[in-house]
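Colleague: These are the residues of each chain, in order.
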Amino acid sequence: MDKKFIISGSPHIYAKDNVQRIMLDVIIALIPATLGSFYLFGFGAVRVFFVSVISCLLFEYLIQKFLLKQKPTINDLSAIVTGMLLAFNVPSNLPTWIVIIGSLIAIGIGKMVFGGLGQNLFNPALVSRVFLLISFPVYMTSWPKPIESARQLTDVITGPTPLGVIKESGSIAAATQTGEIPTYTNMMLGNMGGSIGEVSAILLLIGAIYLLYRKVITWHIPLAYILSVLIFTGIFWLIDPTKYADPLFHLLTGGLILGAFFMATDMVTSPTSYKGQIIFGIGCGLLTGIIRLFGAYPEGVSFSILIMNAFVPLIDRISNKHFGEVKA
Amino acid sequence: MEPIIIAFLVLSLIAAIFAAIIYFVDKQFHVDEDPRIDLIADKLPGANCGGCGYAGCRNFAEAIVKNNSLDNLFCAPGGNKTMAEIAQLMNLEAEEKKPQVAVIRCNGTNENCPPKHDYNGIESCGFANFLFAGDGGCAYGCLGLGDCVATCKFDAMYMDPITGLPVVIEDNCTACGNCVKACPRNIIEIRNKGPKNRRIYVACMNKEKGVYAKVNCSVACIGCNACVKECKFDAIKIESFLAYIDYQKCTLCRKCVPVCPTNCIVEVNFPIKKKANIDLANDSNQNIENN
Amino acid sequence: MLKTFPRGGVHPDDCKISANSPIKVAPLPNKVYVMLNQSAGAPAITLVKKGDHVKTGQLIAKGEAFISANIHSPVTGIVDKIDQITDATGYKHQSIVINVESQEIWEDGIDTTNDLLTDIKATPQEIIEKIKNAGIVGLGGAAFPTHVKLTIPQGKVAEYLLINGAECEPYLTCDHRLMLEKSEEIMVGITIIMKALSVKKAFIGIENNKPDAIKQLTSLSQNYSNIEVVSLKKKYPQGAEKQLIKAITGREVPSGKLPIEVGCVVQNVATAKAIYDAVQKNKPLIERVVTITGPNLSNPSNFLTRIGVPINHLIELAGGLPEDTAKLISGGPMMGKALSNTNIPLTKGMGGILLLPEKLSKRLDPYPCIRCGRCAHACPMGLEPFYLEKLIIKERWEEAEKHWIMDCMECGSCQYTCPAKRPLLDYIRLGKNKVSAIIRSRKN
Numbered sequence: 524m525d526k527k528f529i530i531s532g533s534p535h536i537y538a539k540d541n542v543q544r545i546m547l548d549v550i551i552a553l554i555p556a557t558l559g560s561f562y563l564f565g566f567g568a569v570r571v572f573f574v575s576v577i578s579c580l581l582f583e584y585l586i587q588k589f590l591l592k593q594k595p596t597i598n599d600l601s602a603i604v605t606g607m608l609l610a611f612n613v614p615s616n617l618p619t620w621i622v623i624i625g626s627l628i629a630i631g632i633g634k635m636v637f638g639g640l641g642q643n644l645f646n647p648a649l650v651s652r653v654f655l656l657i658s659f660p661v662y663m664t665s666w667p668k669p670i671e672s673a674r675q676l677t678d679v680i681t682g683p684t685p686l687g688v689i690k691e692s693g694s695i696a697a698a699t700q701t702g703e704i705p706t707y708t709n710m711m712l713g714n715m716g717g718s719i720g721e722v723s724a725i726l727l728l729i730g731a732i733y734l735l736y737r738k739v740i741t742w743h744i745p746l747a748y749i750l751s752v753l754i755f756t757g758i759f760w761l762i763d764p765t766k767y768a769d770p771l772f773h774l775l776t777g778g779l780i781l782g783a784f785f786m787a788t789d790m791v792t793s794p795t796s797y798k799g800q801i802i803f804g805i806g807c808g809l810l811t812g813i814i815r816l817f818g819a820y821p822e823g824v825s826f827s828i829l830i831m832n833a834f835v836p837l838i839d840r841i842s843n844k845h846f847g848e849v850k851a
Numbered sequence: 035m036e037p038i039i040i041a042f043l044v045l046s047l048i049a050a051i052f053a054a055i056i057y058f059v060d061k062q063f064h065v066d067e068d069p070r071i072d073l074i075a076d077k078l079p080g081a082n083c084g085g086c087g088y089a090g091c092r093n094f095a096e097a098i099v100k101n102n103s104l105d106n107l108f109c110a111p112g113g114n115k116t117m118a119e120i121a122q123l124m125n126l127e128a129e130e131k132k133p134q135v136a137v138i139r140c141n142g143t144n145e146n147c148p149p150k151h152d153y154n155g156i157e158s159c160g161f162a163n164f165l166f167a168g169d170g171g172c173a174y175g176c177l178g179l180g181d182c183v184a185t186c187k188f189d190a191m192y193m194d195p196i197t198g199l200p201v202v203i204e205d206n207c208t209a210c211g212n213c214v215k216a217c218p219r220n221i222i223e224i225r226n227k228g229p230k231n232r233r234i235y236v237a238c239m240n241k242e243k244g245v246y247a248k249v250n251c252s253v254a255c256i257g258c259n260a261c262v263k264e265c266k267f268d269a270i271k272i273e274s275f276l277a278y279i280d281y282q283k284c285t286l287c288r289k290c291v292p293v294c295p296t297n298c299i300v301e302v303n304f305p306i307k308k309k310a311n312i313d314l315a316n317d318s319n320q321n322i323e324n325n
Numbered sequence: 054m055l056k057t058f059p060r061g062g063v064h065p066d067d068c069k070i071s072a073n074s075p076i077k078v079a080p081l082p083n084k085v086y087v088m089l090n091q092s093a094g095a096p097a098i099t100l101v102k103k104g105d106h107v108k109t110g111q112l113i114a115k116g117e118a119f120i121s122a123n124i125h126s127p128v129t130g131i132v133d134k135i136d137q138i139t140d141a142t143g144y145k146h147q148s149i150v151i152n153v154e155s156q157e158i159w160e161d162g163i164d165t166t167n168d169l170l171t172d173i174k175a176t177p178q179e180i181i182e183k184i185k186n187a188g189i190v191g192l193g194g195a196a197f198p199t200h201v202k203l204t205i206p207q208g209k210v211a212e213y214l215l216i217n218g219a220e221c222e223p224y225l226t227c228d229h230r231l232m233l234e235k236s237e238e239i240m241v242g243i244t245i246i247m248k249a250l251s252v253k254k255a256f257i258g259i260e261n262n263k264p265d266a267i268k269q270l271t272s273l274s275q276n277y278s279n280i281e282v283v284s285l286k287k288k289y290p291q292g293a294e295k296q297l298i299k300a301i302t303g304r305e306v307p308s309g310k311l312p313i314e315v316g317c318v319v320q321n322v323a324t325a326k327a328i329y330d331a332v333q334k335n336k337p338l339i340e341r342v343v344t345i346t347g348p349n350l351s352n353p354s355n356f357l358t359r360i361g362v363p364i365n366h367l368i369e370l371a372g373g374l375p376e377d378t379a380k381l382i383s384g385g386p387m388m389g390k391a392l393s394n395t396n397i398p399l400t401k402g403m404g405g406i407l408l409l410p411e412k413l414s415k416r417l418d419p420y421p422c423i424r425c426g427r428c429a430h431a432c433p434m435g436l437e438p439f440y441l442e443k444l445i446i447k448e449r450w451e452e453a454e455k456h457w458i459m460d461c462m463e464c465g466s467c468q469y470t471c472p473a474k475r476p477l478l479d480y481i482r483l484g485k486n487k488v489s490a491i492i493r494s495r496k497n
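Protein chains in written order, with my numbering: chain A, 524 to 851; chain B, 35 to 325; chain C, 54 to 497.
By construction, these hints were calculated from the structure, which means they are not laboratory data.
C-beta: ideal position from N, C-alpha, C; glycine also.
It is possible that some hints are incorrect.
[What the hints assert, rightly or not] Restraint-style ranges between C-beta atoms, simulated for each label pair:
| id | chain 1 | residue 1 | chain 2 | residue 2 | range |
| --- | --- | --- | --- | --- | --- |
| 1 | C | 446 | B | 62 | 37 to 45 Å |
| 2 | A | 636 | C | 264 | 51 to 59 Å |
| 3 | A | 551 | C | 412 | 37 to 45 Å |
| 4 | A | 597 | C | 412 | 24 to 32 Å |
| 5 | A | 642 | B | 62 | 54 to 62 Å |
[Unchecked claim] Capping the alpha-carbon separation at 25 Å, the derived lysine-lysine pairs in BS3-like fashion look like this:
| id | chain 1 | residue 1 | chain 2 | residue 2 |
| --- | --- | --- | --- | --- |
| 6 | A | 766 | A | 798 |
| 7 | C | 248 | A | 844 |
| 8 | B | 248 | C | 412 |
| 9 | C | 84 | A | 526 |
| 10 | C | 248 | C | 174 |
| 11 | C | 474 | A | 738 |
| 12 | C | 474 | A | 592 |
| 13 | A | 539 | C | 268 |
| 14 | C | 253 | C | 185 |
| 15 | C | 248 | A | 798 |
| 16 | C | 334 | A | 527 |
| 17 | C | 443 | A | 798 |
| 18 | C | 287 | B | 215 |
| 19 | B | 241 | C | 287 |
| 20 | B | 243 | C | 496 |
| 21 | A | 738 | C | 253 |
| 22 | A | 844 | C | 310 |
| 23 | B | 248 | A | 526 |
| 24 | B | 215 | C | 84 |
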């Protein structure tokens, strides 16, 4: 025999996309909002961001190497995405040690206990955020004011988020009188209290358009999610405009855009079929609306996505009609 | 104090109601079962290996009670001891079987049957078998992807990375036959363990003509009939250019081993051969009688 | 608005590097190896013995079983031996080896001229009989005996004839060249099939990456009132029978049923040409067009060559085996079989030989499934390959059957599109194998 040929089953060619590329696309899509947050929140945001990303990478490496005794796979970049999303979900004045605990929870509890990439039931960054929110409520709900606090290195001026103001005062009318409600332009640009990455709607949308263009995400989950929030809050706004905020307010404040485009669409923890994705999006939207209007917390994006994550295996069984499934 | 009493009473009431429901359901849906099934199932090894042809040990026990006989029902992992116990329970006679072991009838090691292609796919003999003839080019030999090892429930097999063939660990093998079913090429056979674990078998499954069999593998059976002529006990048969030694007839005289031109007849656990073949042959004959 | 099938599909790069190379007649080698199991179904039974002199086109093996096809001698020469020859998968099969003589003598009654005969004299029964005698099989790849496919079962009516000119596999160009160079013959061939099936309407489906073929056949179809050329949007696997029917007629073949269930019969363009030869010229199927291609091949070409020619002979004609060739594929890169060596003889079902260099041959290391769902969206049958893979790894065959694993046609779209590079189709094929064994044992 002259030559050893390779034998394998068909197909023999592959699409160019791979897991790293998908993760890299998500990272690229998050960069505009990252830079925006550095401008808005200053050094605090830079610190939280890098601590979170580096510790997530480190924890993944250490857990795989020493606990699971596997070949570390941090080169798939998924830990960086988790780290970035975790940083996006916490305030910029969060102490470094809490960020490190958060990273450990995200990677350790959110991902590795399930068996690593692709196996986790819940979005790791959100698991960690909710853990921190419940464990360290004071740190997690003191929101530095953007731009003003960016100029300060030591003392940060904190204030509530717009959704928090409403929850405090009980109605939108009362909230407006406090003078803490930013204008829509400021909400759009991100000049309001909130987590590092969630404030600037416009920069997140730039990233989202990139993801849609690269076909990393499809329109199904974000659209279903946002539309159902808009409709749900819209109905209550029409019933009583003095008590409930208008849908646009709900769209631009809190983590809705970040959640809808970047976290609910996480491939591992969302349904695979388009039909299932729409159901998933609507479920997230309704839960977000209910928590925001009637729940104890001012914001419900993280909780609603986590709750819906739990339903994914069930939603996945609502399978599509397959080819040839026609009436005889 | 009052809330504690209320909680205590409410929960006690709930517990009582559920207890009543459970009692009722248990009575209502009680299935009368032959008590011998449980007794037999207790005797069985409980590995649920499926070697007997039933899904699990309990199904096997049910089958014994249902048929009320032990014909064609044998628990290989439990062996004669277990079967004797079961027979006693059922007041039946257990057929004594000689201890058996799985035997790999292929010696196409990487050296004897060098790889001619580079397989690049999932680790499954079942898939590789219908994709192509195998890295060695032999359409009858071991594919070396370890379906048998994966299916073994008794840790009795492993893949030898140097030879590329599976190895049976005799002490662990219960002759359950799962590897026989897993192998897409029927290389593995359950054979009698033999006296002192000594066995002779043809380590080849190649049914091609000798010329073609030799192309891929240096230790292939070429169907030359030399062993058949040598065997005085009529234990060796050649069918489509492949010799097969019937372990029921073989007396382990080892005369066929040296005559094989391709060394495809394998002897295991024999002492290293000295000059006097005949003595040893007599010796092993005696062993059989002693057993 | 270009037609296509609605669900799934992928868009691999075209790579039709041999599209502009006209069909060349390949010279004959010294020996040809005619396999007896070239078609789907039972192998043919040999009619010749060692030392016999055979003429080109002479019947040398007869397909006795219901699903089986006749085999004719592709050359003139002496039967050297009847022996086991390694086929594409490395397994050995009975073959007739013929030493080729330089002087070619054709079997009596075969019209070897190039004249176009448009007048169809044969009756429908005669047509099917002639197709059967000529040993024609589907030349698209599956090699299913054509006469069986053209025999409409009792109680069914064929409404449309669909001619598959999609050639959706990358690299392959044999059907494309045939449509350009033998378009007249194809049209007559289609008319013959229509007569045999007594259908009123025929469609030729061609993907829009072959505009010249669409143009040429459209202009020819002006002369044939009931043949229509349908331009299809380029998407793999358009050439799959059920997908082609869906794309052209909008009808969906029920799961587990044949196309005749919705009144359609699908034939490949090359088969239509072979039917023309058989019915009008009495010429049995002894030659076909083969694409020899590869990214590093010096001279990718389309050859008109005889069945049984060893493929290394054809590779030599196309410029020789490139140094870095690591994988030989019979057929296209999506569904083709990897070959074990270059001595394999050409069979009726081989439409192309693809030589892939080292860097395109090795599979990449698989990552864990990230549940992106791309495989499910790419699956033209609407299955969930990632889920099937998990079921098969866990050996849950019955559940896999409930998830329609037997509807998989192994087009490879799932594995092609998987960003984690998982061997999805390997597992699904393993699962299909096991599940079909379970189904068979259930019937017994």
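Colleague: For this structure, which hints from the list above don't hold up?
Modeller: 3, 5, 6, 7, 8, 13, 15, 16, 18, 19, 20, 21 and 24
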